[in-house]
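Q: This is what each chain is made of:
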Amino acid sequence: MSILGTRVVRTEDPRLLTVGGTYVDDLRLPELAGAARVAFVRSPVAHALITGIDVSAAREAPGVIAVLTAADLTDLGPPPPDDGSGGSEAAPLPLGGPWAEPLLAVDRVRYVGEAVAIVITDDRYQGEDTAELVSVDYEPLLAVVGADAALAGGMLLFPAAESNVAVTGGAPADGAAFGGCDVVVQRTIVNQRLAPVPLEGRAAAAQWADGRLTVWVSTQNAQISRFVLAGVLGLDPGAIRVVAPDVGGGFGAKVGIDRDALVVAWAAKHVGRAMSWTETRSENLVGMTHGRAQRQVVKIGGTRDGRILAYRLEIVQDAGAYPRMGGFLPFLTRLMAAGPYDIPHVEAASSVVVTNTTPIAAYRGAGRPEATAAIERAVDLFAAEIGMDPAEVRRINLVPPGKFPYSSPCGPVYDSGAYTEALDQVLAGAGYQELRAEQALRRERGDVLQLGIGLASYVEITAADAEGGETARLVVHGDGTATVYTGSSAHGQGHHTAWAMLVEAELGIEMANVTVIHGDTDLIPTGIGTYASRSLQLGGVAVHKAAVDVKEQARLIAADMLEASEADLELDTERGAWQVRGDPASSRTWAEVARHAGDDGLAAAVNYTEGQPTFPFGTHLALVEVDTETGKARLLRHVTVDDAGTVVSPVLAEGQRHGGIAQGVAQALLEEMVYDDAGNPLTSTLVDYAAITAAELPSFELLASETPAANPLGAKGIGEAGTIGAAPATQNAVIDAVSYLGVTHIDMPATPERIWAAISGARESQ
Amino acid sequence: MIPAPFTYQRAWSIDEALELVARGGEDAKFLAGGHSLLPLMKLRLAVPEILIDIGRLRELSYIRDDGNHIAVGALTSHHDLATSGLLASALPLLAHAAGQVGDPQVRHRGTIGGSLAHADPASDLPAVILALDATLVARGPSGSREIGAGVFFRGLFESALEPGELLTEICIPRPQPGGWSFQKFTKRAIDWAIVGVAVQGSSVALVNMGQTPLRASAVERALASGAGPADAAAHAAEGLTPSSDLNASSGYREHLARILVSRALEESVSRA
Amino acid sequence: MKVTVTVNGSQVAAEVADRTLLVHFLREQAGLTATNVGCDTSSCGACTVLLDGQSVKSCTVLAAQADGCAVQTVEGLASGPDEMHPVQRAFRAEHALQCGFCTPGMVMATVSLLAENASPTEEEVRSALEGNLCRCTGYHNIVRAVLAAASERRPS
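Residue numbers (the numbering used here), protein chains in the order written: chain A, 412 to 1177; chain B, 6 to 277; chain C, 182 to 337.
Mixed in with the good hints, there may be bad ones.
[Stated by the list, open to error] Here are a few chain B residues that sit away from chain A, every Cβ distance over 10 angstroms (derived from the structure):
no.	residue
1	17
2	25
3	55
4	63
5	73
6	87
7	146
8	160
9	162
10	181
11	231
12	236
13	277
[Claimed, not checked] Calculated cross-link-like contacts (lysine to aspartate or glutamate; reagent style DMTMM-like; alpha-carbon spacing at most 20 angstroms):
no.	chain 1	residue 1	chain 2	residue 2
14	B	192	C	304
15	C	183	A	534
16	A	962	A	985
17	A	814	A	832
18	A	710	A	585
19	A	680	A	483
20	B	192	C	311
21	B	192	A	1040
22	B	192	A	1036
23	B	192	B	250
24	B	192	A	1158
25	B	192	A	1099
26	C	183	C	199
27	C	183	B	54
[To be verified] One-sided excerpt, in silico: chain C residues whose CB lies under 10 angstroms from chain B:
no.	residue
28	198
29	202
30	218
31	220
32	221
33	222
34	229
35	238
36	241
37	246
38	308
39	311
No wet-lab data here; the hints were simulated from the structure. Please read all numbers here as calculations on a predicted model, not as lab measurements. All residues carry an ideal CB built from backbone N, CA and C; glycine is no exception.
Generate coordinates for the entire structure from the input sequences, incorporating the hints supplied.
A: Right, dumping it as structure tokens:
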């Protein structure tokens, strides 16, 4: 009986529950004893020329070690050469050339929160006091806020670029595409700007000693961080060690190493003293990258009996002030624009603009929630136009079972799927007919509280960068315990538990005797880390393959020890022992076999690069209740199928689905990063940024479905799927609740006022 | 994140508190539960140079039945108000509203006196004590004085307390037999009210419909002239200019006021 | 000024700046880093500890206000290295934590809730935790853990 697929509690938890995790701010290492504290001086204006920085008062404050600005950044590595690929989606890393982003502002600031100087003090409290003493002269420029202002080009953020449009891509509109359609619906919709809000913000500590730089950073990718540090600081990667301690959430916003963390690392080397930095939440809400921020035009056409024939998605991506990963995200949106539907003609186009706001990067789903939200809104608009049940429209158009692997007109090949089964499973699980009946009853009665039922069917791409692979090294020691060195980098996902399960399943070494190590480049020099929902299907498979390799090495050794032929050797995984088949008395333990192998025990290292992107899928159904007098919507139920292939750990998979759903519902109902026209962020504390709490959510209803992938574990990625399905299902539910009043669309977040305004507006026009 | 530097002083008696605040002058502020003041100080929106901690004045934490009125010490926590058996039967409006303030952690520390002295029109309790026609008792260098709730709230974050005065007691007349209701409208449960309504009998007070908590006078007049709940509620926003902010436009606030007053009056009637 | 706080049963005395927040006193002077800072507006609850038995947000309490008082943090819950408190056990059993950053505060808020309401309904649990943000779990399993801990403690 394999442990895989069974409910196993996490090995990470006893420590986290009793003494707490060790996040960057908790580090009490000898290397960081007496570390100085770094505080940032940040721009309070969205767009301005810097005409002077006066640090004299700050430098004289108590406990000040140094106050540094861009003028001090003279000992960096050379900038990357401008190979002319800037402005192209082939360059997903920050665009250089005219779009180059300084580590500390030189003569211009482009968003509220941009780093202008650092203050280094003995203690944290002094840092905040001293930062106030740095005096910066700003000559304000017109702020560019919103896609329209950016496109109009009246004020350019980067005059040398001669435009606010950093990247364009995709297909121009095909005039003939919608020709054969009985019905065509077009709508402009907004996928609003969000803040990731991991409970632990950005943090880093660094020490430069004996020609070596050690950086502890709250990151999802220690190895990538080391690579970036080497380039920026002009150091050999071998002279750098990056450690990811416990990380308090990432959600994509801690991919790689944050630019402010680069400054901290540089400061440690420049000043010659260990440094430590932990941002405040107010800094986090403007200084950590934001997510989403697409304005979309959806155009959908088809026949009156529900067949979708054509779909076009046009995106204007707000990348914020500097095109970092924001320049690349619409590429992923276009890739998944077709959703789980078999639509003959699909086109997508995008342009990326810069605005005087916080830069945009990955946030749970990174470009794919935007694709699903767009087409799921479009499908509902189409359904409303032809007067057909949106569940039925989906059923008609979902890629049918016989068509896999399915070549999407947008490029990807969806590996495996059971899309209509997922839809039907959710409808049955939710009691769809009963819900529609209750909705009809309430409408007839004219109740104040109306029900809305919203659907979203989705397919998502995980391990999109599968060719980057993932590493695992497995060692079985002379005492029979094992250590896994993994390239993945969990920040809540529970890899230590899952990888230990994989070792126990393959080798019979108990989980309690398997130690998993990640996130230290001295111990694991090669690896990618955790994002894009890639870790189980790449990192887990690597662990599995390393275990298989170790098993085969052990077979030879055990055969030698038992003077039998390898073919007669079997591993009893229940007892974790090798024996001659049919002769349990002949058994040899893992400890014995490992000792026999030599002083270093048994070891295998795998760099698994044969993976392919996989395509989890599902359907979400949201049931909301809208108070039609106040406009307030309440989520009553959320029922989902999120099929990510074979489930290795049901406990961990459910946890990922729950967390994903909550963030999707939050986007649909509550959260938005808001800027005023002058580029001032209005939601810069957790009082104003409406992060969702337990009181706004019900318990979720998760249904099981497993359609395996082709890899040895049958696994696809689950981390982001919940978010991708939940937001559009909830948005569609809200609109469905008030559609009988004439409302056809409400943008996310569907706040009470927006819903009330939509109701009032619809009533007025009737 | 960190308050600007200040000097901390601790008072062990009311007299000592008054003495310290007189000495500190305009640079000094009282610190009770700290859940109105400390958040402002942490964002450096308030920078008092002297904080006088009155949290040890246990003698100001009480809920007492004084016959025709209930006396509540200014340092009584929201938690104690919400869980008081005496208030549950005598002043359920106050008990219920106190249970809606913030979250459990806030309610363990925040005090009624601190909340009222802070005079935030978006807070729950100012409107409640306005609806209850309470009298606030303040002690100063020249003795005690009584301030009616109707004149206690002067403006945005401005109360009638003079410099050097300490709020000591809230004296609430036992309500006439009748119903009550508290309607608090928020996006999230944890948020300050976008609009709130406190009803005690025929007294109706509004949360976050102006610079101070306000009596819905037009509603009260309508009720007095015999209007039913729904008709009276139509007057909820009359004469008022609520603000437009991130959370709501003034038009939406006016709409909510009418809906919530109607619901509050219906609920109050059902309890009468 | 000198502040003395009994933390998890042991006296911790230190000379600190008047403006020292209790959460920093616990993390630095008491050396207990499980309690985390997650925001600067008393919104997230990651810093929740018990102060004289009641849950408070230790970022919104001055160390000076806790002078002479008793504080319990999550490190003081377990009765031994292998004897987790029922709430800790329930959180593990129900997978009520992922990254762990909100967890100490969430656990202490739960301990306080159950001390005041031994048999909360799901709605009461969700309401009681509205001041504790979690970004990883979606709260589903946290609610299950609180309800499980409540039923474990109830005399049968």
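Q: So, for every hint listed, does it hold in this structure?
A: Right, here's what the structure says about each hint:
no., hint, result
1, 17, "27 angstroms, holds"
2, 25, "24 angstroms, holds"
3, 55, "18 angstroms, holds"
4, 63, "31 angstroms, holds"
5, 73, "38 angstroms, holds"
6, 87, "17 angstroms, holds"
7, 146, "34 angstroms, holds"
8, 160, "22 angstroms, holds"
9, 162, "16 angstroms, holds"
10, 181, "30 angstroms, holds"
11, 231, "25 angstroms, holds"
12, 236, "16 angstroms, holds"
13, 277, "23 angstroms, holds"
14, 192(B) <-> 304(C), "17 angstroms, holds"
15, 183(C) <-> 534(A), "18 angstroms, holds"
16, 962(A) <-> 985(A), "15 angstroms, holds"
17, 814(A) <-> 832(A), "14 angstroms, holds"
18, 710(A) <-> 585(A), "12 angstroms, holds"
19, 680(A) <-> 483(A), "12 angstroms, holds"
20, 192(B) <-> 311(C), "12 angstroms, holds"
21, 192(B) <-> 1040(A), "14 angstroms, holds"
22, 192(B) <-> 1036(A), "14 angstroms, holds"
23, 192(B) <-> 250(B), "14 angstroms, holds"
24, 192(B) <-> 1158(A), "16 angstroms, holds"
25, 192(B) <-> 1099(A), "11 angstroms, holds"
26, 183(C) <-> 199(C), "9 angstroms, holds"
27, 183(C) <-> 54(B), "19 angstroms, holds"
28, 198, "7 angstroms, holds"
29, 202, "7 angstroms, holds"
30, 218, "8 angstroms, holds"
31, 220, "9 angstroms, holds"
32, 221, "4 angstroms, holds"
33, 222, "6 angstroms, holds"
34, 229, "6 angstroms, holds"
35, 238, "5 angstroms, holds"
36, 241, "5 angstroms, holds"
37, 246, "6 angstroms, holds"
38, 308, "6 angstroms, holds"
39, 311, "5 angstroms, holds"
The structure shown violates none of the earlier numbered hints.
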